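Spelled out, the chains give:
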Amino acid sequence: NAGVTQTPKFRVLKTGQSMTLLCAQDMNHEYMYWYRQDPGMGLRLIHYSVGEGTTAKGEVPDGYNVSRLKKQNFLLGLESAAPSQTSVYFCASWGTGTSGNTDTQYFGPGTRLTVL
Amino acid sequence: GNSVTQMEGPVTLSEEAFLTINCTYTATGYPSLFWYVQYPGEGLQLLLKATKADDKGSNKGFEATYRKETTSFHLEKGSVQVSDSAVYFCALSPIAGAGSYQLTFGKGTKLSVIP
Numbered sequence: 003n004a005g006v007t008q009t010p011k012f013r014v015l016k017t018g019q020s021m022t023l024l025c026a027q028d029m030n031h032e033y034m035y036w037y038r039q040d041p042g043m044g045l046r047l048i049h050y051s052v053g054e055g056t057t058a059k060g061e062v063p064d065g066y067n068v069s070r071l072k073k074q075n076f077l078l079g080l081e082s083a084a085p086s087q088t089s090v091y092f093c094a095s096w097g098t099g100t101s102g103n104t105d106t107q108y109f110g111p112g113t114r115l116t117v118l
Numbered sequence: 003g004n005s006v007t008q009m010e011g012p013v014t015l016s017e018e019a020f021l022t023i024n025c026t027y028t029a030t031g032y033p034s035l036f037w038y039v040q041y042p043g044e045g046l047q048l049l050l051k052a053t054k055a056d057d058k059g060s061n062k063g064f065e066a067t068y069r070k071e072t073t074s075f076h077l078e079k080g081s082v083q084v085s086d087s088a089v090y091f092c093a094l095s096p097i098a099g100a101g102s103y104q105l106t107f108g109k110g111t112k113l114s115v116i117p
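The listed protein sequences derive, respectively, from chains G and W.
For the first sequence, the working numbering assigns the number 3 to the initial residue and increments by one for each residue that follows.
For the second sequence, the working numbering assigns the number 3 to the initial residue and increments by one for each residue that follows.
No lab work stands behind these hints, which were simulated from the structure alone.
Given the structure is predicted, the values throughout are model-derived calculations rather than measurements.
Check the hints yourself; a few may be wrong.
[Said to hold, decoys possible] Pair by pair, the computed Cβ-Cβ distance ranges are:
| hint | chain 1 | residue 1 | chain 2 | residue 2 | range |
| --- | --- | --- | --- | --- | --- |
| 1 | G | Leu24 | W | Gln47 | 43 to 51 Å |
| 2 | G | Ser69 | W | Ser87 | 18 to 26 Å |
| 3 | W | Ser16 | G | Gly55 | 28 to 36 Å |
| 4 | G | Phe12 | W | Ala55 | 13 to 21 Å |
| 5 | G | Gly18 | W | Lys58 | 46 to 54 Å |
| 6 | G | Ser20 | W | Glu78 | 30 to 38 Å |
| 7 | W | Thr72 | G | Pro41 | 27 to 35 Å |
| 8 | G | Phe12 | W | Thr14 | 24 to 32 Å |
| 9 | W | Glu44 | G | Met43 | 17 to 25 Å |
| 10 | G | Thr100 | W | Thr28 | 31 to 39 Å |
Built from N, CA and C at the ideal position, the CB exists for glycine as well.
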């Protein structure tokens, strides 16, 4: 049981490049989330999904797109990266799933992205 | 809207010292309250929670009491260890008992414990 995994762990981009971050969960959770973590700002929600094929905007969605084609995967895309998107990105999932524990969101280990 | 305010860090303590990290919240209705911990290089994990007024959450020697009258959920530990060095986040979920499907986080407090 891997929980929530994220790919890649680290990435360096040049301004204007694009990339996709992949999040996968094996707990059969309905909800999935993408957050960014910046110094002194805590975690801010970028986008989330309440089920396969559905996505919604969070607090800071500009410059990002997401897709949830399969229940277990949630992709975060940056079409044209900017230095302001330098951050640590966390994926999380929540739901009744295989454990039935709805007390917490389960977080991945994070992706550290630097945009030069 | 909902918001969480926690004391700014970093906080540096000697081993076996007493820890308090203050957290206050603003929310409509009756939220659930949480403390998450993030160890270096890892994602967040739930440390403790409380779902109604006067509830005390506890785990690994940490405690926090849900105080509705002061809208607070301060984290305490009587004797910290070097292994407690981490970033601590206070968070709320707007509907008590509904689980953590929607969380609002504070900005985090970095704790460093020195031998």
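Evaluated hints:
1. Between G:Leu24 and W:Gln47 the beta carbons are some 21 Å apart, a value that contradicts the proposed interval 43 to 51 Å.
2. The hinted window of 18 to 26 Å between G:Ser69 and W:Ser87 is violated, with their beta carbons roughly 37 Å apart.
3. Between W:Ser16 and G:Gly55 the Cβ separation comes to about 53 Å, which falls outside the hinted range of 28 to 36 Å.
4. At roughly 43 Å, the beta-carbon separation of G:Phe12 and W:Ala55 lies outside the given 13 to 21 Å, and the hint is violated.
5. The supplied range of 46 to 54 Å is met by G:Gly18 and W:Lys58, whose beta-carbon atoms lie about 51 Å from each other.
6. Under the hint 30 to 38 Å, the C-beta atoms of G:Ser20 and W:Glu78, about 46 Å apart, miss the expected range.
7. Separated by about 29 Å at the C-beta atoms, W:Thr72 and G:Pro41 satisfy the suggested range of 27 to 35 Å.
8. Restraint check, G:Phe12 to W:Thr14: a C-beta distance of roughly 28 Å satisfies the suggested window 24 to 32 Å.
9. Between W:Glu44 and G:Met43, the C-beta spacing of about 19 Å keeps the proposed range 17 to 25 Å intact.
10. Checked against the hint of 31 to 39 Å, the pair G:Thr100 and W:Thr28 passes, with Cβ atoms roughly 35 Å apart.
The earlier numbered hints that this structure contradicts are 1, 2, 3, 4 and 6.
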